[in-house]
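Could you fit the two chains together into a complex? Lean on the hints.
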Amino acid sequence: MKELIKQVVECYGPAGNESAIRELITGIIAPFVDEMRVDNLGNLIALKRGGDKKLMFAAHMDEIGVMVTHVDKHGFLRFYPVGGVSPLTMLGNRVVFENGTTGIIGSEKLEAQKDLTLNKMFIDIGASTKEEAEAKVRIGDLGAVAREFVDLGQRLVSKAMDARVACAVLIEALKTVATPAHDIYAVFTTQEELGLRGARVAAYSVSPDLGIALDVTRTGDTPSSITMDVSLGKGPAVKIRDSSVLCTPAVRRYMEQVARENGIPYQLEVLEAGGTDAGAIQLTQGGIPAGVMSIPCRYVHTASEMVDYADVENGVKLVKAIMETKYTG
Amino acid sequence: MLLKRLSEAFGPSGCEGEVRDVLTKELESYVPSWQRDALGNLIAVKLGTQGPRVMLAAHMDECGLMVSSIDKSGLLRFRKVGGLDDRVLVSKHVIVGSKRVAGVIGAKAIHLQKPEERNQVIPLSGLYIDIGAKSKEEAEKIVKLGDYAVFATEFGHLSDTVVKGKSFDDRAGCAVLAEILRENYAFTLYGAFTVQEEIGLRGAGVAAYALEPDFAVVLEGTTCNDLPGSEEHGYCTSLGGGPAITVMDASVVSDRRMIGELERLARENDIPVQFKRSITGGSDAGRINQTKGGIPVVVISVPCRYIHSPVSMLSLKDFEHTVKLVKLFMRSIEGGFVL
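Going down the list, the protein sequences come from chains A and B. Following my numbering, the numbering of the first sequence begins with 1 at its first residue and continues without gaps. Following my numbering, the numbering of the second sequence begins with 1 at its first residue and continues without gaps.
For reference, chain B alone in the conformation it holds in the complex (with noise of 0.2 angstroms):
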């Protein structure tokens, strides 16, 4: 299953290498041309003779750790590489480097914390990564200074439908995108997989300014919070409740006119679509609208929750149907939709 060799690549922000490779060698009998800009960006060209230039966009990258020192003992003190909580991060399992070394985050045991520490956070500077080294010497052997850690994930069936790994944003959006590139349309498609979202939007400007294209779609992973402790209007989108559209978020105001023929193409064939309730939150939609005069674009997104954490969790339906809407969507385009 892509989703999971996807979901299980090692790719945080500036390191995306493991999953352009899953992605190249997965579409290779599909994708005609390839780019690779300066930034990592990789970029499936399906030229197409009549329509549109349509670019669809989705993140490989996702949130890690990047080693920022290591001590005497042989301890990897890290930074965080995009926005994850650092609630989350005490004694998981990471794979750290080049050398793919597993690792354990490690803090102050609960018998050794004082009372007031127990009720605290621990912050970054009381948290390390112990690969079972004894000395620096032996750590540097394998690990060195600026490599990343990501979450030791395995992916897997918690039902059915219901699946569990790591990173889920947005490798589902690299997973839809993959399935959209398996098909051939009549117009030009870019199918751009990008990087350094989760640092600031970075790849994605890029790729928009390289390819102006005339709209794009971008293809997220996305908060899903109808959970414990969420009053029902808190709840952002449902998982099951089909693809959730992004009418507006803290980057960006979807075009209306896209937003309509995907509600249009919903309706009429059944495919369940929820809007996001909530407008925080950037995607790489915002640098794309931005770019040069001005690109309309939408956001669709898989619901995910607990994203930005060790083990994220999706409804395969969800996926199955944003897949569908997305593929209804290029035909749409190809039957004369123009913004």
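Okay, chain A solo, but in the shape it has when bound (with noise of 0.2 angstroms):
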């Protein structure tokens, strides 16, 4: 499977660009659902049929990235985040715009460190005068940042693990599902990060009985880090609630006793900051019971997010397992 996160990760897909990556995984998963289809907002929807309930999974393909704002007459690129982008973790990084170009980010001369916003920094693509950037880049065109992956063993690292992990569990239990006990609705979204909309306009569309989003949370576990009960290894995380969600207690404990019947270790989350695409599903239309299951993740949001082999796995076995029990809730 790490041959697969390997190739989901390292595409390009800033949210508001998300072609590539679903290209990508419409290819990877055709073989193993029965219907797919694109809406408006450029989520992929796929469909595979196994039950007369509908169960809708949701990960998100977007990433987060740049914009470019202003192309300068020395062939330096202006740049507005798209997506929740650190000045702090961006700085001396490199970003690839859709072509190919790939950007080196820099900063004006700052008094002090904690001066760095990102409104004094730009993007070098080693042009040296304003034609010979556009002919590369042009305003409005969006940035990811370009980072490969590394298998580190037990632990592998990457850019865009947020959420693309989550994709690529989303799609492994897809390929080894044997009787879904659902329609299941495996929901590839966009534009998560710029405020969860892909899946509030899919879950408009598919209208499902139960809604369950694949993400990455934050974690405890690294030196003087915030105070939060989730650590790497511990197995995929049963969300409680974060800013975007309280998810609803029947669903969690469907997930819970699903993973205890299959003898899959999880841990409880709470996540402080941050949302996830449940917040739009759960407040879709009439209201949709909903859940997360979350990869836990050291970095979020760096060039270097960082999860653990054995989550994952655990994380695909939970998902199949939910695949193939009833909801009753």
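One or more of the hints may lead you astray.
Coverage of chain B stretches by chain A, computed from C-beta distances (three or more under 8 angstroms per stretch; other residues unrestricted) [claimed, not checked]:
#1 233-247
#2 286-293
Short derived list, chain B residues pointing at chain A, Cβ under 8 angstroms [said to hold, decoys possible]:
#3 Phe275
#4 Arg277
#5 Ser278
#6 Ile279
No lab work stands behind these hints, which were simulated from the structure alone. Note that CB positions come from ideal geometry on N, CA and C, so glycine has one too.
Spelled out as structure tokens, the structure:
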């Protein structure tokens, strides 16, 4: 499965331009689903039939990035953040555009490092003039962090683990599920990083009986980290709350019960800040029961997001088991 | 000039009636039927016989003030309606309430201010609207709690091509939409003049829910910051640079296929266009885009300097180019452009 993870995390797909990652996933899952469609926001909605109730899984394909807003006469690009981009983690980093152009992020001279803000930063694509730069990149183009996947053995590191590792979990579960107990709608959503936008409209059109978002979550297991009872290696997390959602208790209990019955390790997650697609799904139409399974992830929204491979494998087992177990809540 | 009448109309969020009246009167002979929904959105319906169902939207409401209490001395305390800058309020002429009473926003004069007060923005609690009443009783004869106030700004020409007036955000968009509605099309066109954009994109969502168009174009008057104190990379849009197409703002990602078509039309017809070079601020497009199963949308704006203040400024050339571009897009839809 590591090869699949590498393939999906390395793909280009900042929020608002998910076509490359969508095409990649479409190609991978085609043999394992009954129907597929792409909606007006670019969500990939796949259906695998199996039962009377509709169970929607949402894993977001988009990643954080930058949007070019200005090209100066020396060929430097100014940019705005797309999603939760921190100036600290962007400085010195590389971004790549859809056409493969690579840029380096630099900064103006600063009095002190704490003065670093995104509007003092620029992208250098190696051009010397405005014309030369504009031949490669235009205002409105989206850049994504460029960083390759690294396999550290038990731990895996890459950009865009948030939430491509969850996409990989959903893909793997679709591949391996034996007999789904529901009509499984596997939705690879767009624009999550901009406000859960894809999931909101997908949930409206799918109108599921139950929605489960698959995403990453933060951990509290690094030196002087935030206080949070989630660690790498202790299993996928069943979410209780984040800033976007109070997971429907019946859904959480169902997820926990499925994990216990199948001997899958899991941890409970209370995330102080941050949201997931479940927040949008739950508030769609007249309200939809919603839960979240998260893969614990260190260094979220940096170029090097780290997950534990056992958590990923157990995450696949849990999603597969959920697909195969009737929800009666 | 319609833009003048729209600009001078009294229409803060939630009180858009006067703008609605200007539009229905102006377009009487061009729009066969109108809808008015529960929120006050005004929808011009031009049914067609073939092709997609298209929604064009521009918001009628402007930022304003609301009377929150009346002092013993007859002065009106107020709250802001929409995102006005506190610093632009003091000493402005305003019009208050349904009787359109003239008032002035007053504050402690400079002689009476403590040295430290002179260095501060006067907080809302230090401002009031003075309508010349001597007592609460006198004031209450012409103004009541909950009455709205807007800036009393006259529309005018600064040059042949540059005009000033209040609330070009988004009366400029309303005026563009009105021009589009003067022509007829083969497809079904809904011209939605929306309400309450400035207080959270409220009207557009319900209009889109009811109309369920195949796609939508939002017409805006947007920030233009090509001014001293801004580096060139912070301009957002430039006055005279042509209609501004939004790729992304805080509320929406515009549909790339529509952006591509607009660019092609601009290029082939020698219309200058610019991309909006910031992603801050939201628009009705965000709400429309997120309606039901998702509606593709693009935002086209007339660049306006000094929006959300008593007086804004725009270039009539930009305005005309925006009308031309949107008309060409409508003809392109007629010619078979679909998503």
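Now the hints, each set against the structure:
| no. | hint | in the structure |
| --- | --- | --- |
| 1 | 233-247 | holds (count 4) |
| 2 | 286-293 | holds (count 5) |
| 3 | Phe275 | 4 angstroms, holds |
| 4 | Arg277 | 4 angstroms, holds |
| 5 | Ser278 | 6 angstroms, holds |
| 6 | Ile279 | 4 angstroms, holds |
Hint violations for this structure: none, all hints satisfied.
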